[in-house]
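Asks: Read in order, the letters of the sequence shown are residues 1 to 89 in the UniProt record's numbering.
Certain hints may be false.
[To be verified] Below, a list of computed lysine to any residue pairs in the SDA-like style, where the Cα atoms sit at most 20 Å apart:
| hint | residue 1 | residue 2 |
| --- | --- | --- |
| 1 | K69 | Q53 |
| 2 | K48 | K69 |
| 3 | K44 | S61 |
| 4 | K69 | Y84 |
| 5 | K51 | I30 |
| 6 | K51 | H68 |
| 7 | K51 | A65 |
| 8 | K69 | T40 |
| 9 | K39 | H50 |
| 10 | K44 | T33 |
Read the hints as simulated data drawn from the structure, not as lab findings.
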Amino acid sequence: MIARISGPPSAILAMRLSHPLHGSLLPPGICYTCDVCGKTLSTKLTLKRHKEQQHFQPLNSAVCALCHKVFRTLNSLNNHKSIYHRRQK
Numbered sequence: 001m002i003a004r005i006s007g008p009p010s011a012i013l014a015m016r017l018s019h020p021l022h023g024s025l026l027p028p029g030i031c032y033t034c035d036v037c038g039k040t041l042s043t044k045l046t047l048k049r050h051k052e053q054q055h056f057q058p059l060n061s062a063v064c065a066l067c068h069k070v071f072r073t074l075n076s077l078n079n080h081k082s083i084y085h086r087r088q089k
């Protein structure tokens with residue numbers, strides 16, 4: 001079940017800013033830094049995704065079964081399949 005959030009924009013923003021994962025926005029000028037490569041990102045979630053995709057997944061972790069194209073992430077493979085193989089199984 002998905003709950004709808006309603007209320008004044010300031011209240012909704014406050015809820016998002018306090019969310020432990022994808023609402024962890026910091027004030028301007030402050031960011032999260034990848035301890036592997038030093039890249040800076042604006043939220044905990046983008047840092048987590050960056051580390052998973054750039055540092056912890058093997059380069060050939062996702063291969064299209066239809067055309068054998070290799071992708072770095074499963075998300076990229078799924079995007080590819082939805083665009084190029086939508087009608088194929």
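Asks: Does each hint fit the structure? Answer for all of them.
Replies: The hints, checked one at a time:
1. Taking the CA atoms of K69 and Q53, the gap is near 17 Å; set against the 20 Å cutoff, the hint holds.
2. Note on K48 and K69: the hinted pairing is violated, with a Cα-Cα distance of about 25 Å set against a maximum of 20 Å.
3. The straight-line distance between the Cα atoms of K44 and S61 is roughly 23 Å, outside the 20 Å bound, and the hint therefore fails.
4. For a cut-off of 20 Å, the pair hint linking K69 to Y84 stands: about 11 Å separates their Cα positions.
5. In summary, the hint linking K51 to I30 is supported, as the alpha carbons are separated by about 19 Å, within the 20 Å threshold.
6. Taking the CA atoms of K51 and H68, the gap is about 25 Å. The hint is violated against a cut of 20 Å.
7. The hinted pair formed by K51 and A65 fails the criterion: a straight-line CA distance of about 26 Å is larger than 20 Å.
8. Between K69 and T40 the alpha-carbon distance is near 30 Å, which puts this suggested pair outside the 20 Å criterion.
9. The straight-line distance between the Cα atoms of K39 and H50 is roughly 9 Å, inside the 20 Å bound, and the hint therefore holds.
10. Of the pairs offered as hints, the one joining K44 and T33 holds, with about 9 Å between alpha carbons and a cut-off of 20 Å not exceeded.
In terms of the numbered hints stated before, the structure departs from hints 2, 3, 6, 7, 8, listed from lowest to highest.
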